[in-house]
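Here the protein sequences come in this chain order: A and B.
The first sequence runs contiguously to residue 316 in this note's numbering.
The second sequence runs contiguously to residue 206 in this note's numbering.
Among the hints, a few may not be true.
With a straight-line Cα cutoff of 30 Å, these simulated DSS-like cross-link-like pairs (lysine-lysine) come out [what the hints assert, rightly or not]:
(1) A:K89 with B:K178
(2) A:K266 with B:K178
(3) A:K241 with B:K178
(4) A:K142 with A:K311
(5) A:K241 with A:K266
Calculated directly from the structure, the hints in this document are not laboratory data.
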Amino acid sequence: MCDACGCPSPSDHAHGPSTHTHSHTKTVDVHESLFAANEAIATSNREHFEEMGAVAINLISSPGSGKTTLLEHTIEALKEEFNIGVIEGDIETERDADRIRAKGVPVVQLTTGGACHLDASMTHRGFHQLQKEPGGDTLDILFIENVGNLVCPTSFDLGEHHRIVLVSVPEGPDKPSKYPKAFTSSHTFLITKTDLLPYFDFKVEDARDDALKLNPTLRVLDFSATSGENFDQWLSLLRELVAAAKKKNSLQA
Amino acid sequence: MHEISLVQGLLSQLQELARQNNMNRVVSITMDIGPLSGVVADSFRFGFEILAQEDDLVRDATLVINTTTVTYRCTGCDATQQTRGDKPDNCPACGELFLLAEGGDELILNRVEME
């Protein structure tokens, strides 16, 4: 049973620690990861997403690199093609959810009240809330927009299938080197706001090379959601992810 | 400062262990933290010291943190090197820049001594 709401989870893990007793003290060998509780819920989340046939995407970046704007433009471009839902993570306010709701897709705002990241249990709660929204129970793509932070969210699996890190041109090309775990733990790296390249000292190749040095399997795309430059590459990636999820689901069925 | 959430998880696990074993006090806790875990050992210890003050079970407990190693494997010649610190710039054997990390991302509660 999962800690978040008591729904059935296949990942209940009992462990039998070996013990040995001394005169007044007892030493227990635990050998268990502190991430284990989060990972168990994440596994159950992933199964819930797959049951619905959705591919879940965790978006990680600094505040202000354009996660919500990216989602607004993505929904505009793909909402006739796919059923899209969004879980928004922020410390305070409903503002991001209001922006997504205005695009006419199901959305749930999670406010962490101070915590600097989403964890699997919060995501679990958000997902069940989303299922109660109109259209929230038949998604092709579930976007989970993490709290704006390039450090803490990287340590928490939410049950996503695909993790994406964004860096916008005004932030500078040195983010991969400075915040390596965001890049080593992601599948795709998006360089956003490329319409601003003429005004900043940002060499796309430098950012790309630094990121690939950390993680040679990373996919790197650069585009502007607002000007539309190279935005098709991003839409193609999403179509590919949805197709792969559907294929996997039909093989399992 | 996600270390605080992780310390909170540790403290609830210790409460459970003490209850299962009918113990009243935790004497020492041994953890393994990898350089790629995304957890800063100093921040983890800081969070532990703050939160342990509010917890009778662990107030006087000693926290021992072992830093584990990462193995970097060269994608060119398959040579490996181990480190507890920063990622090496290149392969010492052939100079290749692409090195793949193996291990070093753990955050493990290893051993708990109670009385």
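Status of the hints after comparison with the structure:
no.	hint	result
1	A:K89 with B:K178	39 Å, violated
2	A:K266 with B:K178	23 Å, holds
3	A:K241 with B:K178	12 Å, holds
4	A:K142 with A:K311	22 Å, holds
5	A:K241 with A:K266	16 Å, holds
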